[in-house]
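Residues 1 to 232 (the working numbering) are what the sequence shown spells out, left to right.
Bear in mind the hints are in silico, worked out from the structure with no lab data behind them.
Be a bit skeptical, because a hint or two may be false.
As the list claims (entries may be wrong) - Simulated restraints, written as ranges between beta carbons of each label pair:
{"id": "1", "residue 1": "F82", "residue 2": "R115", "range": "50 to 56 Å"}
{"id": "2", "residue 1": "G155", "residue 2": "P210", "range": "53 to 59 Å"}
{"id": "3", "residue 1": "L103", "residue 2": "F43", "range": "16 to 22 Å"}
{"id": "4", "residue 1": "A64", "residue 2": "R44", "range": "17 to 23 Å"}
{"id": "5", "residue 1": "P210", "residue 2": "D40", "range": "22 to 28 Å"}
{"id": "6", "residue 1": "D146", "residue 2": "G60", "range": "48 to 54 Å"}
For every residue, glycine included, the Cβ atom is placed at its ideal position computed from N, Cα and C.
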Amino acid sequence: MDAPRAVILDLDDTLFDDTACTRAGLLALTQRYGLSCDADDLFRRHAAHIHAIDPLLFRGDLDAHGARTLRFTRLLTDLGVFTPDGTAATGIYREAYRAAWALLDGATDVLHTLRRAGVVTAVLTNYVREVQLDKLAHFGLQTLLDAVLCVDDIGCAKPDARAYHAACAALAVAPGQAVMVGDSWEKDVQGARNAGLGAVWVNRGGIPAPDPAVPKVARLADLPAALGLVPA
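Go ahead and model the full structure; you've got the sequences and the hints to work with.
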């Protein structure tokens, strides 16, 4: 891969360990409500409720707190809790979720490396600014980024081509000069390539790639080499 002028990164499960934090929050809920749940099944159910409620959040029908309250009311009802208090459940989840906040290994180092190489960088995320800026500020990552674009900033979400093009415009580069980096094949690789960008897949689980020609990394430390910025 020829070295890009710009690198656009996903946030959750690319730089920030959202999966581990989510599992910590869900575990706290099961303990509080005395539920016996398979952790993986609970994670999938929770993700399904997020998927169903996110359109209301993105349209502005709910704020982030309202979306969480509805999510946990529905999730606990689904798990057999009678008339759950969604606000209380949100508090339990959020306390454990925030206590588990962590960056994925190499996140800060790779942003420093990209900056030293003269590459402009952005985060492009399919979640709302209120939440995502809080994460970035907590770890001081904003100072290492040239732009942050959230779903409520641009009015569309990956894999809509307009999302990637908005990030390119914010960095003053053409799509062909930028590479999207992220853990979702659909949203961070396929969508970006369809929009004219390059892509690198962050594939920590060793999942077979739908297209073996796409560069992939198992850890962020390997990203600069995959981008052609340092010798492999």
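Ascending list of hint numbers which this structure does not respect: Violated hints (numbers, rising): 2, 6; every other hint is consistent with the structure.
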